[in-house]
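Please take these sequences and the hints and turn them into a complete structure.
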Amino acid sequence: MAPGEPQSGDYDNLPPGLCNRRVCIETYGCRYNFGDTAKLTEVLKHRGCSIADSVDDADVVIVNTCTVVGPTERRMLRRLSALRDRDLFVTGCMPQVQKEAILSVCDPGFIAPDAIQEWYRRVGTVAAGSVGIVQLAQGCNGTCTYCITRQARGPLRSFPLHEVRRQVAAYAACGAAEIQLTAQDVSSYGKDIGLSLAGLLNDIGDPPGSYCIRVGMMNPATVMDDLDAIIDAFSAERIFRFLHLPVQSGSDTILERMGRQYTVRDFCRIIAAFRKRYPEITVMTDMIAGFPGETEEDFSASIDLIRRLRPNKVNVTRYSKRPFTPLSQEKDILDSVKKNRSRIMLSCSEQVYAEVNRPWLGREVPFIVTETIREGSVMARSPAYQGIVINEDLPVGYEGHAVLRKDRKYFFIGERVT
Numbered sequence: 272m273a274p275g276e277p278q279s280g281d282y283d284n285l286p287p288g289l290c291n292r293r294v295c296i297e298t299y300g301c302r303y304n305f306g307d308t309a310k311l312t313e314v315l316k317h318r319g320c321s322i323a324d325s326v327d328d329a330d331v332v333i334v335n336t337c338t339v340v341g342p343t344e345r346r347m348l349r350r351l352s353a354l355r356d357r358d359l360f361v362t363g364c365m366p367q368v369q370k371e372a373i374l375s376v377c378d379p380g381f382i383a384p385d386a387i388q389e390w391y392r393r394v395g396t397v398a399a400g401s402v403g404i405v406q407l408a409q410g411c412n413g414t415c416t417y418c419i420t421r422q423a424r425g426p427l428r429s430f431p432l433h434e435v436r437r438q439v440a441a442y443a444a445c446g447a448a449e450i451q452l453t454a455q456d457v458s459s460y461g462k463d464i465g466l467s468l469a470g471l472l473n474d475i476g477d478p479p480g481s482y483c484i485r486v487g488m489m490n491p492a493t494v495m496d497d498l499d500a501i502i503d504a505f506s507a508e509r510i511f512r513f514l515h516l517p518v519q520s521g522s523d524t525i526l527e528r529m530g531r532q533y534t535v536r537d538f539c540r541i542i543a544a545f546r547k548r549y550p551e552i553t554v555m556t557d558m559i560a561g562f563p564g565e566t567e568e569d570f571s572a573s574i575d576l577i578r579r580l581r582p583n584k585v586n587v588t589r590y591s592k593r594p595f596t597p598l599s600q601e602k603d604i605l606d607s608v609k610k611n612r613s614r615i616m617l618s619c620s621e622q623v624y625a626e627v628n629r630p631w632l633g634r635e636v637p638f639i640v641t642e643t644i645r646e647g648s649v650m651a652r653s654p655a656y657q658g659i660v661i662n663e664d665l666p667v668g669y670e671g672h673a674v675l676r677k678d679r680k681y682f683f684i685g686e687r688v689t
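Taking this note's numbering, the leading residue of the sequence shown gets 272, the next gets one more, and so forth.
Because the hints were derived from the structure by calculation, they are not lab data.
Just so we're clear, the structure is a prediction, and the values are computed from it rather than from any experiment.
Careful: at least some of the hints might be erroneous.
[Claimed, not checked] Listed next, the in silico DSS-like pairs over lysine-lysine satisfying Cα-Cα at most 25 Å (straight line):
id, residue 1, residue 2
1, LYS584, LYS609
2, LYS592, LYS602
3, LYS584, LYS370
4, LYS584, LYS602
5, LYS547, LYS584
6, LYS584, LYS677
7, LYS680, LYS610
8, LYS592, LYS609
9, LYS610, LYS584
10, LYS462, LYS584
11, LYS680, LYS609
[Claimed, not checked] The following label-pair restraints were derived from C-beta to C-beta distances:
id, residue 1, residue 2, range
12, VAL608, ARG293, 41 to 51 Å
13, GLU663, PRO342, 32 to 42 Å
14, MET495, PRO594, 39 to 49 Å
Even for Gly, the Cβ is constructed at its ideal location relative to N, Cα and C.
See below:
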């Protein structure tokens, strides 16, 4: 059966309310959730549905939920409550672990993420767009004591290499300029089926098109065993020199409490190895402020690590107690302390950004246009995945050179020279 040619009975287990209707999908959370939405969109199109841009234009609303931290959970419940009188379906992480909380504010239908994957295998098409999301696996084998996502998504289940290769080729053929490889832990890909991330990057193929590939978030614990091979695989011309490696804390004591399965020294060794091979690689990391038991000394160790690491971006999150996790009954740090520590951490990170970005001003770099921001303005990416806003109308996929003129902290303003 060719992709896009479903046979009778393929969708018998789809909710009957999702056929030949106008559907609006609201998506929250990580890139993986957006990948689920992209697949679900293709399935719905093959069911005769059209995709509406807003709730007001839709017969049916699907909310793809996130519950990674408490504030996000509360936002989800407020949104679901506001939609309770609509024909409503809910998917994503929240129904898997907090179905009762959802039912306390609305009475929707539910769509299991596993069902989306199964339905999509019978379709296999992708939509044209500037950015394509390719999921490598669902779930993870991590032991993080604070993570509800692990409870929602289950153990690692890597997708077959041929499926990944087919989707990459399909997005390239549809004109995507950036193809994002995503999973709960990208570097764990294949560990359950006898494959590896390095092997996937080497075997993914090189379909024609004007695009580059961004490798998503990796866990230091699963990078270490295959470090050299992964670094070698990043040498492919189409792969952005971009490393998203969350450390979460600069204290080994806290990392042990987190169940992260690596030390600060391990993390620094990985960063140093990537930078030795690719000196201009963009490094992004994540930090949690106010983890249970975090002392002032532990917090100071995190600040010191940021200063020593000099990352291009730090995602700072205040610790949020999540249900069904090993730490859900632990005594929490005062919100005022968490808020103050997160502010200090963000301020420190932004000081580092200014220092890291300053030497780039006035330099000429290659770029590829990955998104249209608005009329007369596009987002481009350098080979190291630096964001470059160019105030011109350029087509997605355009490749050229630009001089970096202004530092905007999280991106540059560039002037095209070719």
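Here is how each hint holds up against the structure:
{"no.": "1", "hint": "LYS584 x LYS609", "verdict": "holds, 20 Å"}
{"no.": "2", "hint": "LYS592 x LYS602", "verdict": "holds, 9 Å"}
{"no.": "3", "hint": "LYS584 x LYS370", "verdict": "violated, 34 Å"}
{"no.": "4", "hint": "LYS584 x LYS602", "verdict": "violated, 30 Å"}
{"no.": "5", "hint": "LYS547 x LYS584", "verdict": "holds, 19 Å"}
{"no.": "6", "hint": "LYS584 x LYS677", "verdict": "holds, 17 Å"}
{"no.": "7", "hint": "LYS680 x LYS610", "verdict": "holds, 22 Å"}
{"no.": "8", "hint": "LYS592 x LYS609", "verdict": "holds, 12 Å"}
{"no.": "9", "hint": "LYS610 x LYS584", "verdict": "holds, 19 Å"}
{"no.": "10", "hint": "LYS462 x LYS584", "verdict": "violated, 28 Å"}
{"no.": "11", "hint": "LYS680 x LYS609", "verdict": "holds, 24 Å"}
{"no.": "12", "hint": "VAL608 x ARG293: 41 to 51 Å", "verdict": "holds, 48 Å"}
{"no.": "13", "hint": "GLU663 x PRO342: 32 to 42 Å", "verdict": "holds, 38 Å"}
{"no.": "14", "hint": "MET495 x PRO594: 39 to 49 Å", "verdict": "violated, 31 Å"}
Comparing the model with each earlier hint shows violations of hints 3, 4, 10 and 14; every other hint is respected.
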